[in-house]
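Undergrad: What follows is each chain in one-letter form.
2 protein chains.
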Amino acid sequence: MDNLVSLAKRRGFIFQGSEIYGGMPGIYDYGHYGTLLKDNIRAAWLKHMIQLRDDVYGLDSAIFMHPTTWVASGHVGNFDDPQIDCRNCKNRMRADHILESFGINADKAPIEVINAELDKLRAAKKLKCTNCGSSDLTPARKFSLMVKSNLGSPTDALTEENVVYLRPETCGGIYLQYKNTLDSLHPHLPFGIAQVGKAFRNEISARQFIFRTREFEQMELQYFLKKEDVEKTYEYWKNTRFEWYVAHGISRESLRFYKHEKLAHYASQAWDIEYNFKSLEGFKEVEGIHARGDWDLSQHSKFSGVDLSYFDEETKQRFIPHIVETSAGLNRLVLMFLDHAYTEDEVNGEKRVFLKLPFALAPVKAAIFPLLKNKPVLVAKAREIYEMLREKFMVEFDDNGNIGKRYRRQDEIGTPYCITVDFDTIEKDAGVTVRNRDTGVQERVKIEELVGRLK
Amino acid sequence: MDNLVSLAKRRGFIFQGSEIYGGMPGIYDYGHYGTLLKDNIRAAWLKHMIQLRDDVYGLDSAIFMHPTTWVASGHVGNFDDPQIDCRNCKNRMRADHILESFGINADKAPIEVINAELDKLRAAKKLKCTNCGSSDLTPARKFSLMVKSNLGSPTDALTEENVVYLRPETCGGIYLQYKNTLDSLHPHLPFGIAQVGKAFRNEISARQFIFRTREFEQMELQYFLKKEDVEKTYEYWKNTRFEWYVAHGISRESLRFYKHEKLAHYASQAWDIEYNFKSLEGFKEVEGIHARGDWDLSQHSKFSGVDLSYFDEETKQRFIPHIVETSAGLNRLVLMFLDHAYTEDEVNGEKRVFLKLPFALAPVKAAIFPLLKNKPVLVAKAREIYEMLREKFMVEFDDNGNIGKRYRRQDEIGTPYCITVDFDTIEKDAGVTVRNRDTGVQERVKIEELVGRLK
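The listed protein sequences correspond, in order, to chains A and B. The numbering used here applies: residue 24 is where the first sequence begins, and numbers increase by one. The numbering used here applies: residue 24 is where the second sequence begins, and numbers increase by one.
Simulated from the structure, these hints should not be mistaken for lab results. Each hint should be verified, as a subset may be incorrect.
Note that identical chains are pooled: a pair holds if it fits in a single copy or bridges any two copies.
Claimed, not checked - Computed cross-link-like contacts, EDC-like style, restricted to lysine to aspartate or glutamate with a CA-CA straight-line distance of at most 20 Å: (1) K70 <-> E407; (2) K307 <-> D25; (3) K478 <-> E410; (4) K32 <-> E373; (5) K428 <-> D206; (6) K404 <-> E466; (7) K325 <-> E254; (8) K379 <-> E410; (9) K379 <-> E184; (10) K113 <-> E184; (11) K374 <-> E471; (12) K379 <-> D335; (13) K478 <-> E414; (14) K396 <-> E337; (15) K151 <-> D104; (16) K221 <-> E192; (17) K301 <-> D142; (18) K307 <-> E297; (19) K404 <-> D77; (20) K148 <-> D159.
Build the full structure now, drawing on both the sequences and the hints.
TA: Okay, structure coming up:
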């Protein structure tokens, strides 16, 4: 993890939010290469979900929704974590995480149960602050993950009465626009609505770099279908999403499914796709696939008074569709792809770090160099090739330092190809050398073939 | 405007936020085609700013920043609008907008000046609620545009003490990551940092559809340079940004510059690019170009205690760079492109509505139809072409209703080309017909030439 965080900062992928003001815990900013990488992952997901299918529609719903949304969904009053504080150093901890470290599973347990377990540890003098080691800890209490704001409030003071929430997940917006989607696009079941967007949770302790943050991006699909199709369609999406990771370069061995045994009362199945993070030393969730029944649309129909049923013209039946959901964390996927791509090897006896990112996700597809900076004829030709390629690809021109230094920089940002213009390019019309990031192998390629070869 | 709002809803471009719960004022959701259109505008801006240049870097900084950011920038305590309320119908109004309707310019005027002007109108019995006509209005008072939240707060109650703001503009994140950008990418002046992201303002009255909303997206460039280069670079960006609109299909006649006479004390120039909205009946700002001096970096340097100076290796001088900013509203541009594209004409004696969007921005690039739905050979061939094209473009397959109805639907979502497979396609290997959205002209094109022709 230290290597990854250091590379991410040094090469302009990811910075601590508001670093010059001492930072904001759980908030990260994406630098030039991080922005390009994140945008490429987002684009790959959207292409897979929308462009390459004809049964899924896009949506970009707002972060702010009517407060009743979160009453209907059960978030208000229920979406919380058990928090304990250290009276000595003010460290805040998740009580369930502490219990877990003693082998006690307290996931979603009532606060009374958690406090009873904590009391046992306290009596055994085992309960200590994870930061300072003090045993002067508060009892556990519920802490709401819902972030509150005064947007649209008639006064600019903060009052609980006028609170609106920042969405804790993006799928709510899909349920609320399900009817407008039906009425404008007239789809037939089964169909899906997919969106990428920000969500916010007041995590008690936001750690592990960009794995769990207070401001984050989700990529969610809600797939609407008939109840009798849920079982086979659930399997379909479970496998389709797993294969998406493999198709984007993640090795099968570093992925696995995890089946949730404890389910919400309305859910019939819930599996996670887990990736074996080298940086987090183990398998962690990157995506959840959930069979949610007709709970969401039923609840919003009940709380809004708006009929959210679907009329099946074939069977002449009217019913609330069921939902299969796939939900991935975009920032978590950035971490996963960086984690998987991070490679160290040796070239000519020298240690080298490179990011083995697939072409589609790499921030920069190719870098173009003149062999020597001080030969105008080489520089001019390299610029000409660079300007031709940048119409089609994200590419870079670099004439700083020597070739070895330029290679190292491009390796560290994961550029698959480095293209060098040398004297043979000019004098013998012998094309350019194209160096492969992963193998280091160089080959000569004609200039007019470059676009096709990169594609 | 009514036609545009109705088309936007009916065809799945833009919906009122949380509509089933009665709506959220100033909040809009983007449906399938609206999401695609907005994403295409965003991508066109990013390509123009980043991919086609080698002096501008991307950034995606968080919505949440350290609260001191907004003290340094002058937003806390100063970023407000004068609000008056109707005691009869609870309507909230911008006092400066009311004065403006009487020809009185109160832009950024002190609250005492505004109340003095309002009192004159009141005495003349001219001051009335814009909604119900009542003259029982409150005096004007300052209302902060800054949206507050409790993200990261140690308690889940709302207290002013632990307030963090949602950013009211995206550029703050650029200033805060200026140093990390310098340290990781080592650029030389002049260089820029560009980002697209959400911002939030507690607008007193959010009206005019998506023109002014409480949650919105900005596309901002901060271009860092030496003081002596400001004048010529300012002109360069002013013209470059104007020509971007023309290159993306906006007619020159519907664009103009507006020069701000009242400037912030640190600014040397501020011009807007205005577009003549048919839907808003006049020229309105779509982008601002501002010469901001060294104010922003100086303030953040002062408040953070971190040196934000630049060392010029040529002249061996150390100084705080100046900034030229270009700032556009993405949602406003969606409205502009829809407004400009909205066209009514007559085809064969029938009224037709179509969106004359440029190819790069159109949500769907082509629609593929079998001439008849009940001829499997036509359907199969049309699907085959659709599946070939969707690898490269956002395209649609449609076999609903008759061809005329399909054309009307594609016209209304702005699809430039409709491709029809008929019996000649199959029996005579005679290619397909390609219909041009704007002219209605059809021509036969060979299937193997389709990709090239669309490109």
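Undergrad: Run every hint past the structure and note whether it holds.
TA: Now the hints, each set against the structure:
1. K70 <-> E407: Between copies only: 18 Å across chains, 31 Å inside a chain, cut-off 20 Å.
2. K307 <-> D25: within (18 Å within a copy, 50 Å between copies)
3. K478 <-> E410: both (17 Å within a copy, 19 Å between copies)
4. K32 <-> E373: Neither: 23 Å inside a chain and 61 Å across chains, both beyond 20 Å.
5. K428 <-> D206: Result: close only across copies, 17 Å inter versus 58 Å intra.
6. K404 <-> E466: within (18 Å within a copy, 41 Å between copies)
7. K325 <-> E254: neither (26 Å within a copy, 61 Å between copies)
8. K379 <-> E410: Cα proximity of K379 and E410: none, with 26 Å in one copy and 30 Å across.
9. K379 <-> E184: neither (51 Å within a copy, 46 Å between copies)
10. K113 <-> E184: Close across copies (17 Å), not inside one copy (29 Å); limit 20 Å.
11. K374 <-> E471: Neither: 35 Å inside a chain and 49 Å across chains, both beyond 20 Å.
12. K379 <-> D335: Close neither inside one copy (48 Å) nor across copies (35 Å); limit 20 Å.
13. K478 <-> E414: both (13 Å within a copy, 13 Å between copies)
14. K396 <-> E337: between (70 Å within a copy, 17 Å between copies)
15. K151 <-> D104: within (19 Å within a copy, 50 Å between copies)
16. K221 <-> E192: Cα proximity of K221 and E192: in one copy and across copies (8 Å, 16 Å).
17. K301 <-> D142: For K301 and D142, the Cα distance exceeds 20 Å both inside one copy (35 Å) and across copies (69 Å).
18. K307 <-> E297: Classified as within; 5 Å inside a copy, 50 Å across copies.
19. K404 <-> D77: between (44 Å within a copy, 16 Å between copies)
20. K148 <-> D159: within (11 Å within a copy, 67 Å between copies)
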